[in-house]
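Asks: Chain by chain, the residues:
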Amino acid sequence: MSEINGKVLKHGEQTRTMHWMHMITFILLALTGIGFYFDIGFIGGIFGGEANASLVHRWAGVVFTVGPALYILLNFERFARFMDTIATFTKDDFGWLKTMGGYIPFLKGDVPPQDKYNAGQKMLGHLIIIGCLLMILTGFPMWLWRGVLPAAFLAFCYNIHFWVAVILILAIAGHFFLAAIHPKSRVEFASMMMDGYIDAEISAHHNEKWFNSLQEVKE
Amino acid sequence: MSTATLADTGIIQITKACKACDHCTSVCPTGAVKGLLGQKHSIDYKTCINCGQCLINCPFGAIIDTSSVEQVKQALNDSGKTVIVQEAPAVRVALGEEFGMPVGTNVKGKMHAALRKLGFDKVYDTEFAADLTIMEEGTELIHRVFKLAGVAGYEDRGPLPQFTSCCPAWIKYAEDKYPAILPHLSSAKSPQQMFGAIAKTYAANKQGVNPADMVSVSVMPCTAKKYECDRPEMKASGFQDVDYVITTRELATIIKDAGIDFVNLPDEEADKLIGTSTGAATIFGVTGGVMEAALRTAYEILSGESLNKVEFTAVRGMQPVREATVEIPIKDLGINLPVNVCIVTGTKYVDKVIEDVLAGRSKYHFIEVMNCPGGCINGGGQPIRHEMY
Chain W
1 MSEINGKVLK HGEQTRTMHW MHMITFILLA LTGIGFYFDI GFIGGIFGGE ANASLVHRWA
61 GVVFTVGPAL YILLNFERFA RFMDTIATFT KDDFGWLKTM GGYIPFLKGD VPPQDKYNAG
121 QKMLGHLIII GCLLMILTGF PMWLWRGVLP AAFLAFCYNI HFWVAVILIL AIAGHFFLAA
181 IHPKSRVEFA SMMMDGYIDA EISAHHNEKW FNSLQEVKE
Chain D
220 MSTATLADTG IIQITKACKA CDHCTSVCPT GAVKGLLGQK HSIDYKTCIN CGQCLINCPF
280 GAIIDTSSVE QVKQALNDSG KTVIVQEAPA VRVALGEEFG MPVGTNVKGK MHAALRKLGF
340 DKVYDTEFAA DLTIMEEGTE LIHRVFKLAG VAGYEDRGPL PQFTSCCPAW IKYAEDKYPA
400 ILPHLSSAKS PQQMFGAIAK TYAANKQGVN PADMVSVSVM PCTAKKYECD RPEMKASGFQ
460 DVDYVITTRE LATIIKDAGI DFVNLPDEEA DKLIGTSTGA ATIFGVTGGV MEAALRTAYE
520 ILSGESLNKV EFTAVRGMQP VREATVEIPI KDLGINLPVN VCIVTGTKYV DKVIEDVLAG
580 RSKYHFIEVM NCPGGCINGG GQPIRHEMY
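Those protein sequence lines, which keep their order, are chains W and D.
Using my numbering, you'd call the opening residue of the first sequence number 1 and step up by one each time.
Using my numbering, you'd call the opening residue of the second sequence number 220 and step up by one each time.
Calculated from the structure, these hints are not laboratory results.
One or more of the hints may lead you astray.
[Claimed, not checked] No farther apart than 20 angstroms at their CA atoms in a straight line, the calculated lysine to aspartate or glutamate pairs in the DMTMM-like style are these: (1) D/Lys-235 / W/Asp-39; (2) D/Lys-292 / D/Asp-340; (3) D/Lys-259 / W/Asp-93; (4) D/Lys-253 / W/Asp-39; (5) W/Lys-108 / W/Asp-93.
[Said to hold, decoys possible] Quick partial rundown of chain D residues pointing at chain W, CB under 8 angstroms, derived from the structure: (6) Lys-238; (7) His-242; (8) Ser-245; (9) Lys-253; (10) Leu-256; (11) Gly-257; (12) Gln-258; (13) Asn-276; (14) Pro-278; (15) Phe-279; (16) His-605.
Where is the CB? At the ideal position from N, CA and C, for every residue including glycine.
Start from the sequences, fold in the hints, and give me the full structure.
Replies: And the structure:
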């Protein structure tokens, strides 16, 4: 049994605020987007009709874009560290992927020590950044330049927007399952969604490399 | 029994496949497409001019036009019917696209050959009637100029400026929104309808065919032509002058369905009786074409001279509203008349031109209006383009 006690701050206040905002807007965007694509009148009805649902979708898209942009501007060093972390792939990360972090019962073997984000989270980070950029780069033309873009380009934007949305929704569903439901890692939920702290012992186990780089603060 | 006509139901329909992207509202020249972004769109048939610009510009192929393809196929299979066909100038330079040929390839000869293979008894050409139209419109313009000049015998002619009358989308727009402008419109029918009337009178007589047994089919780059042929006044022959209109796209589909190797067909000529034409007819399909053809006719008649150079390049171009002045010597009056002309491509740009005419401010003598950008070559019945830029 480990002798490590106390808690460590894993996610700062602005990070958590940004995550909350992104989560809420993502749910709104996904819900209204599914309503449009599959022509589900019930979903449009929740927002007072298709046209209003579209307005909610578009303005949620603005918040979805501006929120992270502001966060990056106000926390550039933190974001740079995040990018540096998820862009760094060592043999320990490949080792995590080989064992899938111990989440898959029949994949045996030791899980190597991980950074603040494990290899799976790093990949999700890339997917979300690229996916969000694609959604933004296709979504705004679909809204703002719908009257002037060539029809074929508009159709291309809609196709990209749809397939990236499918990938993101599936990825976020997996992220939610692991971060909020799976018994091995659901403690992450409270950390990101509430006070930002996580048990030091858990962190030392799941994010050993990062934990070892932290400095103890006496209170 | 339903009494609904095309005036009620329209030619263009938005299907359930509409993704509510709202692109069509920006291309509709009359604001007939209703709906907000995210809301499935619909068409107000009272203001729709059936031009089909929304159809060819729909990113999702969710807009369709009323089709007479099955009726044409039935007529072709009916041995008791004499089925004749005419094809507009703009069809021959677009049909090849549907068979993978480079954009703008003139497939006139192959088109005639394909139509014969499909079983049409006579393959004529709308260009014949386009020549008639321009003689009518050109002469009418001259008479209106004579009226303006105070020449005796022309007092009952229409006012200037004279507007062209070939484009059925433009005609419906004028009827719907500016009925006061109608006296300014040329009284000439469009080439399609002139052809239809002649086919069931002159041609039927020459061929010894009972017009009641004649089926007149028209291949057009235009969806509004479907509406035009169904107008109640288009029965000059005593029958419906043009029975069915199919678009360039629909002809391509029929050719493909019949298994015809279009690309390798040998070139064939149109049948002679009402199938020959001049170069003036050929340029009808592009903006400024009717104007240029009319000026050629007017110039020759008024000056009494043959043109050495037939091109009036001043009226060519792709700007939505263009104007030019052409000096025409009028032999009978001994004067040189500067004829001010205006060309409008895109009905959405015509409002100011009309308002100036109605207010008495217009300096023009002759105004060409074509609804579709660039003219009939970009009509609602043409192959759908897939350029990304």
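Asks: Check each numbered hint from earlier against the structure, then list the numbers of those it violates in ascending order.
Replies: Failing hints, ascending: 3 and 9.
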